[in-house]
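Student: Below, each chain spelled out in residue letters.
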Amino acid sequence: MTAVTELSVDEATAFDDVIRPLMKPLLAYFARRITPTEDAADCLSETLVVLWRRREVLPASEEDVRRWAYGIAKGVLANMRRGRMRHQALAGRLRDEVSASVVAPVDTDVAEALNQLGAKDRELVALIVWDGFGVAEAGAILGLKPDASRSRYSRARARLRVTLGDRQ
Amino acid sequence: MLDDFDPVLTRIRDADPASRLSVDDATLTRLFADSKRPRPARHRKLILGIGLIGVLAVGAAAPAAADVLRAFLAQTGTFGNAIHSEEDNSEWIDLLAPDAREYIASIYPDDLPMPPGTDVATFRLLVADKIIAAARATSQQEGGVGIQQQRTGLQRSFEQTAYGEWIRTWLVADKAGDVATRGAAAAALQDACSWPAFVATDGGGVIAQMQTFADAAGDVDRDGVQAAAQYNLVDGAGGWDGIDRNWWITEHTP
Chain B
1 MTAVTELSVD EATAFDDVIR PLMKPLLAYF ARRITPTEDA ADCLSETLVV
51 LWRRREVLPA SEEDVRRWAY GIAKGVLANM RRGRMRHQAL AGRLRDEVSA
101 SVVAPVDTDV AEALNQLGAK DRELVALIVW DGFGVAEAGA ILGLKPDASR
151 SRYSRARARL RVTLGDRQ
Chain P
1001 MLDDFDPVLT RIRDADPASR LSVDDATLTR LFADSKRPRP ARHRKLILGI
1051 GLIGVLAVGA AAPAAADVLR AFLAQTGTFG NAIHSEEDNS EWIDLLAPDA
1101 REYIASIYPD DLPMPPGTDV ATFRLLVADK IIAAARATSQ QEGGVGIQQQ
1151 RTGLQRSFEQ TAYGEWIRTW LVADKAGDVA TRGAAAAALQ DACSWPAFVA
1201 TDGGGVIAQM QTFADAAGDV DRDGVQAAAQ YNLVDGAGGW DGIDRNWWIT
1251 EHTP
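Chains as they are written, first to last, in the numbering used here: chain B, 1 to 168; chain P, 1001 to 1254.
Keep in mind that the hints were calculated from the coordinates and are not lab data. Even for Gly, the Cβ is constructed at its ideal location relative to N, Cα and C. Treat the hints loosely; a few may be bogus.
Anything over 12 Å on all C-beta distances counts as not near chain P; from chain B, calculated [said to hold, decoys possible]: (1) D16; (2) I19; (3) V49; (4) S61; (5) D64; (6) A119; (7) K120; (8) A140; (9) L144; (10) P146; (11) A148; (12) S151; (13) A158; (14) R161.
Pairwise CB distance ranges (calculated) [to be verified]: (15) B/A111 <-> P/M1114: 52 to 62 Å; (16) B/R161 <-> P/L1073: 26 to 36 Å; (17) B/E112 <-> P/L1021: 38 to 48 Å; (18) B/D17 <-> P/D1119: 47 to 57 Å; (19) B/T108 <-> P/D1235: 49 to 59 Å; (20) B/G143 <-> P/G1144: 41 to 51 Å; (21) B/E62 <-> P/A1187: 43 to 53 Å; (22) P/T1076 <-> B/G143: 20 to 30 Å; (23) P/L1126 <-> B/G143: 38 to 48 Å; (24) B/E112 <-> P/D1244: 49 to 59 Å; (25) P/L1073 <-> B/P59: 51 to 61 Å; (26) B/S151 <-> P/P1196: 45 to 55 Å.
Calculated Cβ distances over 12 Å to all of chain B for the following chain P residues [claimed, not checked]: (27) D1006; (28) D1016; (29) L1031; (30) F1032; (31) A1105.
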């Protein structure tokens, strides 16, 4: 018996219906955070494999599925970076820096402004502004409580407003 | 939700690094279908025992107490996270540590069935040496990088090597007309489908593929067992005869 046939037709269809539309957003998620683009594609592929293997715990609502999928994507991304770090035999401090980085935005002022934020705040902003999550959802992906997410996001926006306001 | 009227957020949104990303639907469709397919190629990589990052998702229980105890320098104290695509939650082992050989030999699964006449003490050191030699070669090729592997992956190497020896035993017994030994080997190949490290690290379709080989052994299908030898790189005396039997694997891939 193959892995595919262990799932009923309805369940397999449900998986396809909710995961397939997430592919482009997930690819964009990786493309924002890792280069080259080939690695983003590898990460997407890896994420799909993990999602498929863990399909028995597929959440019921589309909203939860999306958050679940991005949580797995976050882990895949961390593994990819960790693999690179092992590969490059770099020190822990550099690992921390890289693990928190995002690919440079096309607007250099924006890139600089984002880089002035702390790693978690920067990722929170990216999840909200680029990946389209709500504040609480984005915070949940990062392991933050809703109140903490809101205060961090508010603080980050204020800092960005000051930084980018000086450069308009 | 994003405040569309906030000029700062609008500017950040417009600077999205993924804004120039384009991918066609056909590529995504193929990628999606591939993610559900059994992966013999990945298995082959794992057979070599040097995969740095496994991709299995199994239960993410806390590490067993025995695993937490560090008795060897090779033990990194870092444990995998099964939810996030590592093999499982077992410890990462430094294969270049001075006592890596002793560590690997120490985790030999005592209940692993071996063909009659196998010297287990020698076997466990041979497997350890093979893993370390491959790790050192990889490190050298890559400019001196560190090489780590999860404990479960190392245990899979023991299972993988024992599995190969049972394939060899079946082929030799079949050629010699030794029905009893061939039957014992067929039973072992059947049993191998439930060996713990194989099951824990099945990236999709590996156990199913092993089941086809076990069925072939039980049915006295010599081509099938030769295909198993080819697939599992069982070289040398009594192993793969060098004739390509990918056709058999293709026909019998679940």
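Student: With reference to the structure, classify each hint as holding or not holding.
Tutor: Status of each hint after checking the structure:
1. A beta-carbon of chain P comes within 12 Å of the beta-carbon of B/D16; the shortest separation is about 8 Å.
2. A beta-carbon of chain P is positioned within 12 Å of the beta-carbon of B/I19; the least distance is around 8 Å.
3. With a closest Cβ-Cβ approach of about 5 Å to chain P, B/V49 is found to fall inside the 12 Å limit, against its non-interface label.
4. Distance to chain P confirms B/S61 as a non-interface residue, since its nearest Cβ pair spans about 18 Å, more than 12 Å.
5. Every C-beta of chain P lies more than 12 Å from that of B/D64, the closest at about 15 Å, which supports listing it as non-interface.
6. No beta-carbon of chain P comes within 12 Å of the beta-carbon of B/A119; the shortest separation is about 16 Å.
7. In this structure B/K120 is separated from chain P by more than 12 Å, as the shortest Cβ-Cβ distance comes to about 17 Å.
8. At the 12 Å boundary, the C-beta of B/A140 stays outside the reach of chain P, the nearest C-beta of that chain being 15 Å off.
9. With a least CB separation of 18 Å from chain P, B/L144 remains clear of the 12 Å interface cut-off, as annotated.
10. Residue-level check passed: B/P146 sits 15 Å from the nearest beta carbon of chain P, beyond 12 Å.
11. Every beta carbon of chain P lies more than 12 Å from that of B/A148, the smallest distance being close to 19 Å; the non-interface claim holds.
12. For B/S151, the shortest C-beta to C-beta distance to chain P comes to about 17 Å, beyond the 12 Å cut-off, and the non-interface label holds.
13. At roughly 10 Å, the least C-beta separation between B/A158 and chain P is not larger than 12 Å, which violates its mark as non-interface.
14. With a least beta-carbon separation of about 5 Å from chain P, B/R161 fails to lie farther than 12 Å from that chain, contradicting its non-interface assignment.
15. B/A111 and P/M1114 have their C-beta atoms about 59 Å apart, which keeps the hinted 52 to 62 Å range intact.
16. At about 51 Å, the beta-carbon gap between B/R161 and P/L1073 misses the expected band of 26 to 36 Å.
17. Between B/E112 and P/L1021 the CB atoms are about 22 Å apart, so this pair departs from the stated range of 38 to 48 Å.
18. Under the hint 47 to 57 Å, the C-beta atoms of B/D17 and P/D1119, about 56 Å apart, fit the expected range.
19. Range check, B/T108 to P/D1235: Cβ separation about 56 Å, and the 49 to 59 Å hint holds.
20. Checked against the hint of 41 to 51 Å, the pair B/G143 and P/G1144 fails, with Cβ atoms roughly 35 Å apart.
21. Range check, B/E62 to P/A1187: about 48 Å between beta-carbon atoms, so the 43 to 53 Å window is met.
22. The supplied range of 20 to 30 Å is met by P/T1076 and B/G143, whose beta-carbon atoms lie about 23 Å from each other.
23. The given range of 38 to 48 Å is respected by P/L1126 and B/G143, whose C-beta atoms sit roughly 44 Å from each other.
24. The hinted range of 49 to 59 Å is satisfied by B/E112 and P/D1244, whose Cβ atoms lie roughly 58 Å apart.
25. Between P/L1073 and B/P59 the Cβ separation comes to about 42 Å, which falls outside the hinted range of 51 to 61 Å.
26. For B/S151 and P/P1196, the Cβ-Cβ distance of about 47 Å falls inside the hinted range of 45 to 55 Å, so the restraint holds.
27. Chain B draws P/D1006 into its interface by the beta-carbon criterion, the shortest separation being 7 Å against a cut-off of 12 Å.
28. P/D1016, annotated as away from the interface, has a beta carbon of chain B within 12 Å; the closest lies near 5 Å.
29. The beta carbon of P/L1031 sits about 6 Å from the closest Cβ of chain B, which is not more than 12 Å, so the claim that it is off the interface is violated.
30. Remark: the non-interface label on P/F1032 conflicts with the geometry, its nearest Cβ contact in chain B lying 6 Å away (cut-off 12 Å).
31. Every C-beta of chain B lies more than 12 Å from that of P/A1105, the closest at about 24 Å, which supports listing it as non-interface.
The structure does not agree with the numbered hints 1, 2, 3, 13, 14, 16, 17, 20, 25, 27, 28, 29 and 30 stated previously, though it agrees with the rest.
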